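J.: Sequence:
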Amino acid sequence: MKTILLLILFPILSFSQNKNEAEIKVNEGILLHDKGKYNDALDKYEEALNLDKNNLFAISEKAMTLEALKKYDEAIDMCKLAINIYPKEDIKTIYITYGNTLDHSKRTKEALKIYDEGIKKYPNYYQLYFNKAITLVNDKQIEKSLELFQKSATLNPNHPGSLNGLAALNRDKRIISILASLRYLAVDNKTSRAKGHLDSVIDLMQQGVTQTDDKNITLAIDPKAMEDVGKKKKGINNFSTADMVLSMTAALDFDEKNKDKTQCEKAIDKFESIFAVLKEGQEDNKGFYWEFLAPYFIELKEKNLVEPFAYIAFLPSQAEDVKKYHQDNANEIQRFYNWSKNYTWK
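For the sequence shown, full-length UniProt numbering assigns the number 1 to the initial residue and increments by one for each residue that follows.
Careful: at least some of the hints might be erroneous.
[Unchecked claim] Derived pair list, reagent style EDC-like, types lysine to aspartate or glutamate, alpha-carbon separation capped at 20 Å:
hint: 1; residue 1: 92; residue 2: 117
hint: 2; residue 1: 35; residue 2: 46
hint: 3; residue 1: 190; residue 2: 320
hint: 4; residue 1: 346; residue 2: 307
hint: 5; residue 1: 286; residue 2: 307
hint: 6; residue 1: 92; residue 2: 110
hint: 7; residue 1: 301; residue 2: 280
hint: 8; residue 1: 195; residue 2: 320
hint: 9; residue 1: 173; residue 2: 203
hint: 10; residue 1: 80; residue 2: 117
hint: 11; residue 1: 173; residue 2: 43
hint: 12; residue 1: 266; residue 2: 307
hint: 13; residue 1: 53; residue 2: 90
hint: 14; residue 1: 324; residue 2: 307
hint: 15; residue 1: 19; residue 2: 74
hint: 16; residue 1: 195; residue 2: 321
hint: 17; residue 1: 341; residue 2: 302
hint: 18; residue 1: 303; residue 2: 269
hint: 19; residue 1: 120; residue 2: 147
hint: 20; residue 1: 323; residue 2: 199
hint: 21; residue 1: 257; residue 2: 321
hint: 22; residue 1: 323; residue 2: 307
hint: 23; residue 1: 121; residue 2: 90
hint: 24; residue 1: 324; residue 2: 260
hint: 25; residue 1: 279; residue 2: 269
hint: 26; residue 1: 301; residue 2: 332
hint: 27; residue 1: 109; residue 2: 77
hint: 28; residue 1: 266; residue 2: 255
hint: 29; residue 1: 71; residue 2: 90
hint: 30; residue 1: 70; residue 2: 89
hint: 31; residue 1: 121; residue 2: 74
hint: 32; residue 1: 70; residue 2: 34
hint: 33; residue 1: 53; residue 2: 74
hint: 34; residue 1: 140; residue 2: 110
hint: 35; residue 1: 92; residue 2: 23
hint: 36; residue 1: 144; residue 2: 116
hint: 37; residue 1: 106; residue 2: 77
hint: 38; residue 1: 279; residue 2: 255
hint: 39; residue 1: 301; residue 2: 272
Hints were generated in silico from the structure; no laboratory data involved. Note that this is a predicted model, so its numbers are computed, not measured.
Throw the hints in and build the complete structure from the sequences for me.
T.: Given below as structure tokens:
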């Protein structure tokens, strides 16, 4: 009986050992991939697959590396293999790689179909909606892509890519783009993309406001926005009142009493005005941005966090006053992040 038991246990122990050794090889491959050494990474994945045939971890990483090498057909074969062998395993990242590979190889319709298959199987995975949105942007289907960025942002409000998409595709809708960029800066204020969002916010806040001479300032306000102001029924995602108030607040930058204020201090005045208007219009307005983004900034103002938030948003500028605020007000900066981390998304 002991001999039979040992014979049964030996294959099990051997299989477990091979699987563990294979995963070590895969992790080594990932490190090589991250360094851009794709061919060396593939060698590691092959070693893993020799140790543990059809190891899902190895197949997944091999597919991504093949996609990075633009070996699209081979990457697709890996994805198909994983889907066929592991229909009941968690393979949502396989669908991402599969869709991305098809998209990059200009097979848009097939890519969209694969994303849809993934979404049907994993309806709560934000990355599938996000990646499908990117494919739709490349295919010039902007409205559909916006809907998907909204979905991915709802599923993961901290996802920078989704917030970036909302800000970029709403560039012609000033307040919406500003709110999306500001939310982005609450999540990321250290990368080059963060600098781009700050520059966009500054540019949009000054839009339509010019100083013609020492005593005159010109305000260019959309006539349609003026028509909408004061109407009881505002429509869907209508921020015309906030837009008009922002223009008037921006004009105050040129006032004598504000001439010595820093760029961030002037932005605080604008944020205070915009967020106050959002509060006033909250009950009368509808739409994704009113229901998803506006409440975040309304509560931010109610918690007296506009000042620390502004300095967080302006960190990419690396202005001396901004850096000094971070040094002198670490508690306020942390108070904002604690609140933001625990904020309950509607």
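J.: Take the hints in turn and mark each one as holding or not.
T.: For each hint, the structure was consulted:
1. About 10 Å separates the Cα atoms of residue 92 and residue 117, which keeps this hinted pair within 20 Å; it holds.
2. Straight-line distance between C-alpha atoms of residue 35 and residue 46 comes to about 18 Å, which keeps the hinted pair within the 20 Å bound.
3. This hinted pair checks out: residue 190 and residue 320 have alpha carbons roughly 16 Å apart, not beyond 20 Å.
4. Under the criterion of a C-alpha separation no larger than 20 Å, the hint pairing residue 346 with residue 307 is inconsistent with the structure, at around 24 Å.
5. Straight-line distance between C-alpha atoms of residue 286 and residue 307 comes to about 28 Å, which puts the hinted pair past the 20 Å bound.
6. Note on residue 92 and residue 110: the hinted pairing holds, with a Cα-Cα distance of about 17 Å set against a maximum of 20 Å.
7. Annotation: proposed proximity of residue 301 to residue 280 holds, straight-line Cα distance about 13 Å (limit 20 Å).
8. Between residue 195 and residue 320, the direct Cα distance comes to roughly 16 Å. Compliance with the 20 Å bound is thereby established for this hinted pair.
9. Distance check on the hinted pair: residue 173 and residue 203 sit about 13 Å apart at the alpha-carbon level, within 20 Å; holds.
10. Of the supplied pair hints, the one linking residue 80 and residue 117 holds, its CA atoms being roughly 13 Å apart against a limit of 20 Å.
11. The hinted pair formed by residue 173 and residue 43 fails the criterion: a straight-line CA distance of about 49 Å is larger than 20 Å.
12. Between residue 266 and residue 307, the direct Cα distance comes to roughly 11 Å. Compliance with the 20 Å bound is thereby established for this hinted pair.
13. With a CA separation close to 18 Å, the supplied pair residue 53 and residue 90 stays within the 20 Å bound.
14. A threshold of 20 Å between alpha carbons decides the hint, and for residue 324 with residue 307 the separation of about 14 Å falls inside it, so the pair holds.
15. The hinted pair formed by residue 19 and residue 74 fails the criterion: a straight-line CA distance of about 24 Å is larger than 20 Å.
16. Between residue 195 and residue 321, the direct Cα distance comes to roughly 17 Å. Compliance with the 20 Å bound is thereby established for this hinted pair.
17. In summary, the hint linking residue 341 to residue 302 is supported, as the alpha carbons are separated by about 16 Å, within the 20 Å threshold.
18. Of the supplied pair hints, the one linking residue 303 and residue 269 holds, its CA atoms being roughly 16 Å apart against a limit of 20 Å.
19. Note on residue 120 and residue 147: the hinted pairing holds, with a Cα-Cα distance of about 17 Å set against a maximum of 20 Å.
20. Taking the CA atoms of residue 323 and residue 199, the gap is about 17 Å. The hint holds against a cut of 20 Å.
21. Taking the CA atoms of residue 257 and residue 321, the gap is near 19 Å; set against the 20 Å cutoff, the hint holds.
22. A distance of roughly 14 Å separates the Cα atoms of residue 323 and residue 307; the hinted pair therefore holds under the 20 Å criterion.
23. Restraint check for residue 121 and residue 90: satisfied, since their Cα atoms lie roughly 10 Å apart, inside the 20 Å limit.
24. A hinted pair counts as satisfied when its Cα atoms are at most 20 Å apart, and residue 324 with residue 260 qualifies at roughly 17 Å.
25. Our distance criterion of 20 Å between C-alpha atoms is met by residue 279 and residue 269, whose separation comes to about 16 Å.
26. A hinted pair counts as satisfied when its Cα atoms are at most 20 Å apart, and residue 301 with residue 332 qualifies at roughly 14 Å.
27. This hinted pair checks out: residue 109 and residue 77 have alpha carbons roughly 18 Å apart, not beyond 20 Å.
28. Among the hinted pairs, residue 266 with residue 255 is consistent with the structure: their alpha-carbon atoms are about 11 Å apart, no more than 20 Å.
29. Between the alpha carbons of residue 71 and residue 90 the distance comes to roughly 24 Å, so the proposed pair goes past 20 Å and is violated.
30. Note on residue 70 and residue 89: the hinted pairing is violated, with a Cα-Cα distance of about 26 Å set against a maximum of 20 Å.
31. For the suggested pair residue 121 and residue 74, the alpha carbons sit about 24 Å apart, so the restraint of at most 20 Å is broken.
32. The hinted pair formed by residue 70 and residue 34 meets the criterion: a straight-line CA distance of about 16 Å does not exceed 20 Å.
33. The straight-line distance between the Cα atoms of residue 53 and residue 74 is roughly 17 Å, inside the 20 Å bound, and the hint therefore holds.
34. A C-alpha spacing of about 16 Å is found between residue 140 and residue 110, which places the hinted pair at or below 20 Å, so the restraint holds.
35. The suggested pairing of residue 92 with residue 23 holds, with an alpha-carbon distance near 19 Å, which does not exceed 20 Å.
36. Taken as a hint, the residue 144 and residue 116 pair is honoured in the structure, with Cα atoms around 13 Å apart against an allowance of 20 Å.
37. Only pairs whose Cα atoms come within 20 Å are accepted, and residue 106 paired with residue 77 is accepted, the gap being roughly 17 Å.
38. Our distance criterion of 20 Å between C-alpha atoms is broken by residue 279 and residue 255, whose separation comes to about 26 Å.
39. Proximity of residue 301 to residue 272 is assessed by CA-CA distance (about 7 Å); at most 20 Å being required, the pair is judged to hold.
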